[in-house]
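Asks: Spelled out from the first residue to the last, the chains are:
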Amino acid sequence: MSQLAVNLPGLQLKNPIMPASGCFGFGREYSQFYDLSTLGSIMIKATTVEPRFGNPTPRVAETTAGMLNAIGLQNPGLKKVINEELAWLDQFDVPIIANVAGSLEEDYIEVAREISKVSNVHALELNISCPNVKTGGIAFGTIPEVAKELTKKVKEVSSVPVYVKLSPNVSNIVEMAKAVEAGGADGLTMINTLIGMRLDLKTGKPVLANNTGGLSGPAIKPVAIRMIYEVSQHVNIPIIGMGGVQSAEDVIEFFYAGASAVAVGTANFVDPLVCPKIIEQLPVLLNELGFDHISECTGRSWKKNEKLAYHRA
Amino acid sequence: MSQLAVNLPGLQLKNPIMPASGCFGFGREYSQFYDLSTLGSIMIKATTVEPRFGNPTPRVAETTAGMLNAIGLQNPGLKKVINEELAWLDQFDVPIIANVAGSLEEDYIEVAREISKVSNVHALELNISCPNVKTGGIAFGTIPEVAKELTKKVKEVSSVPVYVKLSPNVSNIVEMAKAVEAGGADGLTMINTLIGMRLDLKTGKPVLANNTGGLSGPAIKPVAIRMIYEVSQHVNIPIIGMGGVQSAEDVIEFFYAGASAVAVGTANFVDPLVCPKIIEQLPVLLNELGFDHISECTGRSWKKNEKLAYHRA
Amino acid sequence: MIRNEECIVLSNQEIAHNIFELTLKGELVQQMNEPGQFVHLKVSDSVDPLLRRPISIAKIDQTKNMFTMIFRAEGTGTKLLGQKKIGDVVDVLGPLGNGFPVEEAKAGSTALLVGGGIGVPPLYELSLRLKEKGVNVIHVLGFATKDAVFYEEKFAELGETYIVTVDGTLGEKGFVTDVISAQNLSFETLYTCGPTPMLRALEAAYPEKNVYLSLEERMGCGIGACFACVCRTQEDPTGYTYKKVCTDGPVFKGGEVLI
Amino acid sequence: MIRNEECIVLSNQEIAHNIFELTLKGELVQQMNEPGQFVHLKVSDSVDPLLRRPISIAKIDQTKNMFTMIFRAEGTGTKLLGQKKIGDVVDVLGPLGNGFPVEEAKAGSTALLVGGGIGVPPLYELSLRLKEKGVNVIHVLGFATKDAVFYEEKFAELGETYIVTVDGTLGEKGFVTDVISAQNLSFETLYTCGPTPMLRALEAAYPEKNVYLSLEERMGCGIGACFACVCRTQEDPTGYTYKKVCTDGPVFKGGEVLI
Ligand SMILES: Cc1cc2nc3c(=O)[nH]c(=O)nc-3n(C[C@H](O)[C@H](O)[C@H](O)COP(=O)(O)OP(=O)(O)OC[C@H]3O[C@@H](n4cnc5c(N)ncnc54)[C@H](O)[C@@H]3O)c2cc1C
Ligand SMILES: Cc1cc2nc3c(=O)[nH]c(=O)nc-3n(C[C@H](O)[C@H](O)[C@H](O)COP(=O)(O)OP(=O)(O)OC[C@H]3O[C@@H](n4cnc5c(N)ncnc54)[C@H](O)[C@@H]3O)c2cc1C
Ligand SMILES: Cc1cc2nc3c(=O)[nH]c(=O)nc-3n(C[C@H](O)[C@H](O)[C@H](O)COP(=O)(O)O)c2cc1C
Ligand SMILES: Cc1cc2nc3c(=O)[nH]c(=O)nc-3n(C[C@H](O)[C@H](O)[C@H](O)COP(=O)(O)O)c2cc1C
Ligand code: FES
Ligand code: FES
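Residue numbers (my numbering), protein chains in the order written: chain A, 3 to 315; chain B, 3 to 315; chain C, -12 to 246; chain D, -12 to 246.
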């Protein structure tokens, strides 16, 4: 398994596979299917200071090779997440990445300060890109200066490294990435969902009560790959990639693009065992492709003068 | 068929279905399969002043429920398009929308002036959103002020109404739409392709010689619907919608979102007869849904106080 | 325990217009304890459709490891499901959720089972169990029209059965609630599954009875992880208390959640 | 004339490792005139995979309205195609493109047919026609390894046949070009289809011969409308002159296009 071990700021991962935030709750449900210690990490559901109910239902809709969601950051609030969820997760040998959300800057700061003190929280994922909440969220995620400032302030209070989650709904993703890097981000996670919508044929109205939602799943993979490819060439911090990952092959493609670890979101709903399956298949695939270690794959799409591992085998 | 007739600036269409630019050449190939006069309109391949070869191959790649292309505006140049292609198209009873492209402002102006004089060209589609050319194209498509200025200048020289084709690769599509409306655009066409990428599992390198390409097909439909939904509520000019349309049901969804006509791109490659099939199915579907005329569908997702046609039937 | 298993199609038949009765074989049947639970089905190997589809369990046969579902082939997923042939494989996640509490109806008492359209199926296994226990069962089953009616005889074998169609093409004309009043049906426990307006009407009509309602909501994971399927509680209608239809439900006690 | 038809699978067999021989029945066989043309196949009803797949026609039987293709099941599309069963339907667009000119080889002359891997199939119908016409045919067929070899006997029935494998597990070891030199094969016309480096080597090796090469390129429409499959001409290597592989090719005369 050492073929899969990766080290990222704050995160010594036995493998680079982790469920994406919001697609795995706080792990309880999936622990019925497998031992969560198998995972490289877990990105837990977005946490806000106060509990939130989220948006009215319907909150999900299907699209071709994708899904829309407008959960609206439902979560039990900072206190319960710390006392109940993170405490429960402590039984597993797996570092947690805590997804931090809010409406105002103060909210982010408060959550970041408190949650980063919890011993099994090894990194924060600053969610400045949630498309499904009216204030905050995506506003922080589309204006580089605002994102930079928020990153800086969160960094000041956080006891663990801070990864910033980028929104794909921007004209210039590289600019956003550079801004948060300048703000002190230790890493990036990308991409969050694309904003999308589906209308009901019979009523003519949006299927989602929130009207629009975040598009995830295989449909968005080419956009994720493109953005990681571009950003990874312009920043010096590692990227945890996500967007439509379903298989070990997809994971390798994200690494080639420039990722150093990969999160799996929507695919958990399709196959609850997808993460352990990918973790099992990765070494086989790496051997087939002729790589000794998965980190050799990172950035291979743009790195020059590297021998093709495939021909070396 | 009067159930399908729509009137847009410069365009009296017997039906609102037309092939999207770049997905139909100049119509010759598809004329082997059906009478082009069946179509509401034809959006011809982007035309530049000089002939262009375009990008190196491979120029297309498949993605889940979508495709990437990086054709790079290959075309025979303004003169040949006018003398050979548009002259040939004149045998059909179908108004042409000429897709105008270029690298510099002057190029756009030159093409617009000349091509708009041709009798079967009833409207221009200003392609400020092509993701596959290094200069021009998308640069004009992401900065509102630049787009507005270009629109204004093209309007000045054009003998026919000007539709501006918007890029989805922006933080704020409504702002772009308003800018070109302020610049005098008579209509909008949206969306062009999302920028995407695919990497080869064996080599690690991009499948497309151009590295990135434009993502089209069913995968992008939710993004197109969302953008048309937002833009149509903020502008007073009509929208020709596109992005992943494959069926009559999709067409109605675009109308509900706010479109007044719909273009079909990638689906032509899958089924060369898709446009006439949709045109045939539309009246049946409208009857099922209880609409007398297709224009009743426009904007139904956000219009208030309209009885649901479905319940009226 | 929830299991994920490739089950084999034993039969798949159109039993009414666009209504299919699908029987699958699999080990996970051993885990099915309650009527009213559901399974989450992956209907194709491809990404189209991407998500699973929730379908109620209509009949359980643990001796033969078989279970039956009844569904309407309407959208992409259920249409594909309708095309499954004997021997085909269906990827099943289940059993999921909490079903109807059989123990709430005492032997000798009367239970009223009210189903609407495609909400009728889970009531079948429920009725079998109640009957077995010695509960007197009455069924009121509402459908849109004659062509959509299914399992009329099967329910009739178990107890008094009223068919209601909106257009009056079979049985009584109107809604299930009309028939319950008109027939002056008396009962101790009410179990129901069907369209939300029907559930709402029933809950309002019998505040003093022991009522159990099965809810539907769009789902992502089906196992409680994604927060897609939440509903509010009647106790805290504007706060942040919630129940998940997939794990807390789909069956709730009347008065528990906001419908 | 190009047609779009739902053809019926008459047989589908794995004839070498991951190599399938698929025979379809359809009216459009009447339109197939030349060896070396191809068809564009929709391998699934769903959007996955979305695009059609170009596959060469390997054998044509107009009296029975059947044609045969040989393909390697490698990616999503060809794997699905490999799973087609007798009686299944495949959506075919074709015949497409310009094939090998049989008329360029005179009766009594010798034609050398050089195929590489999955480029071998279209040479089969070509060889049949040349043979029929009285042309002496020699085949040099290159494969990666023994397991990948197919149609060895079928070609041998028509003329001298050399099998070459890269790893030497069957026939000669090395590349097709090695064998042509080693055997000192003489011929008037050269027809070839296979990987680009092979085509390039052959074109360079026989500038004075009558050479016809079949090219491969990623395709969108397959009918000339999308400009996905263009290549440059040797006359104008940096200008804007181009040929489309799908309609001007896939077979080009040596010296015509830049490969
Ligand atoms: C707990 C539960 C039990 C159910 N039991 C049955 C049953 O026994 N028989 C039956 O016919 N139907 C049942 N349904 C409804 C069934 O899930 C939907 O009809 C089905 O998902 C529609 O899928 P589709 O592909 O045909 O439609 P599409 O419109 O293509 O589906 C698109 C998306 O919307 C979801 N969706 C659409 N309609 C519904 C709905 N009514 N409820 C939940 N999700 C929906 C789909 O799951 C999918 O994600 C049940 C639903 C739930 C929640
Ligand atoms: C004119 C022509 C004739 C051909 N004849 C044959 C034949 O007789 N037998 C055979 O086995 N193969 C043939 N090929 C190659 C065949 O088209 C590809 O192997 C096939 O498209 C791969 O599809 P996939 O779904 O398996 O692979 P994927 O990798 O899933 O395909 C992804 C995309 O890339 C395209 N693609 C991948 N490889 C190729 C390729 N080599 N050429 C063109 N497009 C490609 C696919 O069409 C698809 O659009 C021919 C190609 C062309 C252009
Ligand atoms: C139901 C659902 C809920 C999500 N909730 C969150 C969230 O709370 N915080 C967050 O940062 N991202 C959230 N996301 C986004 C995912 O973490 C991920 O970035 C995105 O879905 C792309 O990955 P995928 O295609 O593998 O799903 C959510 C996605 C889904 C589908
Ligand atoms: C192969 C190809 C070539 C295209 N060329 C052009 C073009 O020349 N000009 C243009 O404005 N859009 C071009 N487009 C974009 C389409 O017109 C359309 O906006 C987009 O593909 C979305 O529609 P679809 O999903 O139906 O294909 C091209 C798209 C494809 C797939
Ligand atoms: S469907 Fe995911 S929580 Fe209920
Ligand atoms: S594949 Fe479209 S032009 Fe050749």
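Hints in this document: simulated from the structure, not taken from any laboratory.
Treat each hint with caution, since some may be false.
As the list claims (entries may be wrong) - Restricting the straight-line Cα-Cα distance to at most 25 Å, the calculated cross-link-like pairs of lysine to any residue (SDA-like) are:
1) C/29 - C/-3
2) B/204 - D/46
3) D/230 - B/183
4) A/204 - B/204
5) D/66 - C/158
Stated by the list, open to error - Covered stretches of chain A (chain B as the covering partner; in silico rule of three or more C-beta atoms under 8 Å from a C-beta of chain B):
6) 61 to 73
7) 116 to 128
8) 200 to 209
9) 241 to 254
Keep in mind it's a predicted model, so treat the numbers as computed, not measured.
All C-beta atoms in this analysis are idealised placements derived from N, C-alpha and C, irrespective of residue type, glycine included.
Asks: Now tell me if each hint is right for this structure.
Replies: Now the hints, each set against the structure:
no. : hint          : result
1   : C/29 - C/-3   : holds (17 Å)
2   : B/204 - D/46  : violated (32 Å)
3   : D/230 - B/183 : violated (40 Å)
4   : A/204 - B/204 : violated (46 Å)
5   : D/66 - C/158  : violated (52 Å)
6   : 61 to 73      : holds (count 5)
7   : 116 to 128    : violated (count 0)
8   : 200 to 209    : holds (count 8)
9   : 241 to 254    : holds (count 3)
When the structure is compared with the earlier hints, violations turn up for hints 2, 3, 4, 5 and 7 and for no others.
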